[in-house]
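Trainee: Mind assembling these two chains? They're in different frames, but the hints should get you there.
Protein chains in written order, with my numbering: chain E, 1 to 481; chain D, 1001 to 1239.
Worth double-checking, as some hints may not be accurate.
As the list claims (entries may be wrong) - Calculated cross-link-like contacts (lysine to any residue; reagent style SDA-like; alpha-carbon spacing at most 25 angstroms):
| id | chain 1 | residue 1 | chain 2 | residue 2 |
| --- | --- | --- | --- | --- |
| 1 | E | K78 | D | L1222 |
| 2 | E | K160 | D | L1215 |
| 3 | D | K1024 | D | M1038 |
| 4 | D | K1231 | E | G148 |
| 5 | E | K160 | D | L1219 |
| 6 | E | K222 | D | V1214 |
| 7 | E | K222 | D | E1174 |
Quick caveat, the hints were computed from the structure, so don't treat them as lab data. All figures in this text were calculated on a predicted structure; none of them were measured in a lab.
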Amino acid sequence: MITRSLKRITSVWIITVLVLFVTAIIFGITMRFNQGKDLTMSPVGFYSLMTTHGITMIGIWAAAGLVAVNYLLGRYVKVSVSLNVFAFVTTVIGVLMIWATTFIGKYHAGWTFLYPLPLQVAWAKWATPVFLFGLGILGAGWLIWSVGMLLQILSKYSLKQAFAWQHFSKNPAVETPPLVLISTVSLIGIIVSLLTAVILLVLYFLEYFSGGNFTNDPLLMKNLTYFFGHTIANESLYLGLAAVYELMPESSGRPRFKTTWYVALAWNCTLVFILTAFFHHLYMDFVQPVGFQMIGQLASYFASLPAAAVTAFSVIALVYRGRIRWSLTNTLFFIGIMGWLIGGIGAVIDATVSNNMILHNTLWVPAHFHTYNAMGNVLFCLAFFNWVAHEFAGTQASVKSFRLTTVLLLIGGFGFVLMFYLGGAYSMPRRFSVYPQEFTHAAILASLGAWFATVYLVAIVLIFANIIKKCLKVFSPSFSS
Amino acid sequence: MLSGIAWSAPEDYNFSEESKLYTKIADIKLNTTRGEVMLSDLYVKSPVILTLIFTRCVGICSPFLNSLSEDMDNLNAKENYKVLVISFDPLDEVSDMERMAKRYEREDDPQWVFAVTDNIAELNESIGFYPVWDSTRQQYDHDALLVGINENGYIVRKLTGIRGPDALMGVIREINNEFVLSYPLPRENMIFSCFTYDPATGKKKPSLGLLILVLPGILTLLMIALLSLKKQQQSVGNG
Ligand code: HEM
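Same shape as in the complex, but just chain D (with noise of 0.2 angstroms):
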């Protein structure tokens, strides 16, 4: 009962990197601190790296963008895209973004966009992202989150956390078509993995699905050898 509750409790939010992978984004009007755009006139353009905050946010937020500021800066990366902030908080008006805009000096830069949007419910859907406000501290619950949007609108990569250059040049070669290496995080429900990864030490363990990989083996080997068993026994009984 008390397990049943912990499961379903509704501030559970989704850290999952695969949801809503390869679907397409929820083409919204955007406000944006340079006017009014569909979020479709963007990406055809150029792919976009979508993230999305709040500008009263005491938490993540703003060593989030600090960082990705940063990176994008460190890496001066020359593939193209382009860079999205939207405010998911309802309450967050053009001008709010236009002070976060200057806080980290990117109110000029062609490469960063800015917006709030009437349709932030919409998008959040089509993401699966999904912010919990909590009325006691005011102040919304919610990930960090990075969206790879390449130029048809689909989300082909999403990164969860303040994940540093390598990850963030995995998502701008992705948007740009790029092959970029990527296998789904071992989960609850996944119980026959070839490997466990231990996250304390590092490690890589061999796991129930290597000895699923070996069982046929095993298996022929014992049935040949309680053939030839049995058929030693016949020739000892008839000998």
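Only chain E is shown next, with the shape it has when bound in the complex (with noise of 0.2 angstroms):
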């Protein structure tokens, strides 16, 4: 059931999602104005800003994703407000010790926090510790949310019925709506990465404090980091996914997505295949044995294929001469299919062994996470959020106010993700504060990247503005659930 506490903090989530996403856009708009030599920074404030937005991005939108699975599935389990507002404070603080480290601090070891950079102190001693035990405290929150919201799945579904292994025998007797299926298996994938984490970060700690006495071994470190952050990255994406099939149809004034065999077996292979699709990372790493990199190649294949071939199918359905009444919701849908649709090719290009010889650490990287996060994920997260707080507010999706901030999302964004595939095209590196001048076309690539971004956070406010005022009305005394 969907009370009024779980719709007030929810509110609060999405407020302070929001907030965050503005300031960490700005980050990025300077990071690209200073890679277009617009503005100068120093190297350290560049990488401590990299870190800060690269951090505040994953953590926001993974948040966003469970935010919005937890209150969907309100319809359908009851859900607990009570870990929900308890990962919202464990995250508040979390978030204030890593900015603290990377704005007081100075502490820039990237969002990846790499083995062995964040034990290469170049900035204030306590940043790593902090860093550390910000991270720590964070991924513990959400452990315990997301271990909370399985169990609360299945205390009404059996384990086969939370996998919807019925819709492989004909006229199954219950049916598994869409919703608990994805959120299942996504849940499951974020809780082995947020196990991960937390081994990480005791084998880390293990480190810092041995005195010398005991090493991690790099191959392990680097297979763990990614195990974790790639993972969590793409776990976040599919929760957003939830969100699409619950809201789209039902946004667009159309008969809800059903669970069908070949929708439960894409799911179930999504589960299996992005747990082993993080190998991908390690390509360049010799040491790793080949096995494990045709496995990243193989599951990097899978783990998007399947699922992206059944949503894109059925919402071609939905849309295909259907009347669709088109809202900021529904539309927002449909952009984030389209650009999650084309981050994927792009990621599926890099995961190939030979295209990341080419491609390995080039911009093209940021070009495919930054096409399906800010125009996939961000914009299925955001469709929840303008749809949720309609329902706060009992108001209705308005069909025409909404044409100027499309137009301005798609330009802006598409513009902005556009500048980074054709730097990773000439073979530009990523994340360098300003280019070397052999890349001659380097900076003023960035310097348009940076006025397409600052087109895309435009468009961003707008729909800040229109969510934040319904958002406000659920603290009124006046409002009923």
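Mentor: Right, here's the structure in full:
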């Protein structure tokens, strides 16, 4: 059941996520202008900002997915508001600690904090343990929250039903809603990735406090880092997709999506393959056994293709020749699916070993992950925010007034990522605060990217303004649930 | 107690190829067979492969220099570099080094430089090279060491022992700023490596690290199994 307190905490999450999002976009634009030589930052300033931007973005969109799924699960199972509030508190503490390390302590090892960087202290000494502790607190909160949600699903559906296995036989007695299936698959992935983070942090602390008596194996640490980082970033996207399956037909005035045998099969495959796809981050690690490299390439294909194929098929079936009532909610879902597919193709190209030899650590990498984040998952979550805000306000999503926002979003968003793609295609390296002179067009592409991102920011602010007023309504004394 | 003595024995020398890596080598004055120079005068012009020997050595120095000299001829590498042979024995003089250069027919080879120095302790410290004087044998206990120094004076690669042309080529490429694959060797205090290498059989075996990698998956599976088992028991109880 969706209670008033669930609505209130959801509202608090939405406002927090949007404030942090706008701030992190400004950080991103600042970095791109610096790469474009339109302004000058010190390298330390740039990398501190890059670390803050990366970790904030990954964090808020993973949280937004959990918030959406938690809210929507309330339609099918009893959900815990106290766990939700607990996760919010740990998130705020974690974010404050992490921001303190990057802004005050000048910690700048990147959001992936790849071994051994955090231990090669080039910033305030306290920043390394505080950064790792901050991550630990944040991760622990989410881990408990995710386990709680899974428990709530399993308290109504059996394990087989949660995975929708009954749909492999004819006329199943119980239907597993797509939201429940996708949430189960994604929550399991999130739990695995957060447990990996716990192990990773323990290993870091062991080395940090051992005074040289314990050293980590760099290969193990890199595997663990990407097992955590890649998996959580990907599962966040799938949480967003759960909201697409639940709300896109509803917000378009069409019959809801049903779980069929192929939907069930696709999402079960996704669970297996998503957990092994991270090996594609280690193609350049010659000490990694070749077998793992092969698994990395195959899993990258199989993790993305089945889910992408059934989702694209379902959405095209929904939109094609149907009488759709377009609103900001389903428009954002639709553009988000496009962004997800385009970014996904970019990712599969990069995950193919022969291409990776050329594209590894070039701007192609931020190109594809910004596409399926900024123009994919972010839009799924914003669509949910917009839909839920209207629910809070008891209003209907307007059909016309979002045209300007959509145009700005499309031009700004795709223009911004296009500049990254062009940079990647010309082998320009990622994570450079300023580009070497040899890359004659890098600065101009960066500058253009920053301007496009500014247009994207305007669209986001317009959406934010529209949502925030409605979200605040849940706190008015006259609000009835 | 015994192990404590064994661990802290002063005769221990450090064979690590990673100590002092990516740190700057001491810029000392050298007395070469062709006159006085600073070490930096050499490496700014071309990167340097440095080896430390002593002329009275009855052990590793001769076979080591022999193999180095042969490998250099066989490789005939086109890259830009100099080979610098320095004596770490304070008793050695420039004339001893001249004799040594002649023995390897390198006295007129501009690529080879033979030298002694008054600042050997400073040089040794900056490299992490610690020869130990054995008064019974009247010899130094020391390892055969090659140090790759790039044109900025940084130690970018160290090789211990007589290692053959492939490893040598790696050093030459590395000091010329080419990317050369390398990985730290497993150490005693690295208990969680993914694989262990058995030098006797030459085989790699899966190790504890791999178990750690699959641990999150196993823990999650166990948790889900427990949760659904509990639920089954509850529904049997209720039914
Ligand atoms: C329009 C909005 C955004 C702008 C202007 C922006 C800008 C940037 C820039 C300039 C970089 C550094 C690229 C490089 O040279 O390697 C970067 C990295 C990154 N961005 Fe964004 N970004 C935006 C949105 C997002 C979103 C929505 C996410 C969501 C997850 C995100 C996640 C990241 C991550 C994870 C990194 C990598 C940080 C690292 O390498 O440690 N960004 N972004």
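Trainee: Now, for every hint given, state plainly whether the structure supports it.
Mentor: Results of checking the hints against the structure:
no.: 1; hint: E:K78 - D:L1222; verdict: holds, 24 angstroms
no.: 2; hint: E:K160 - D:L1215; verdict: holds, 23 angstroms
no.: 3; hint: D:K1024 - D:M1038; verdict: holds, 14 angstroms
no.: 4; hint: D:K1231 - E:G148; verdict: holds, 14 angstroms
no.: 5; hint: E:K160 - D:L1219; verdict: holds, 19 angstroms
no.: 6; hint: E:K222 - D:V1214; verdict: holds, 14 angstroms
no.: 7; hint: E:K222 - D:E1174; verdict: holds, 24 angstroms
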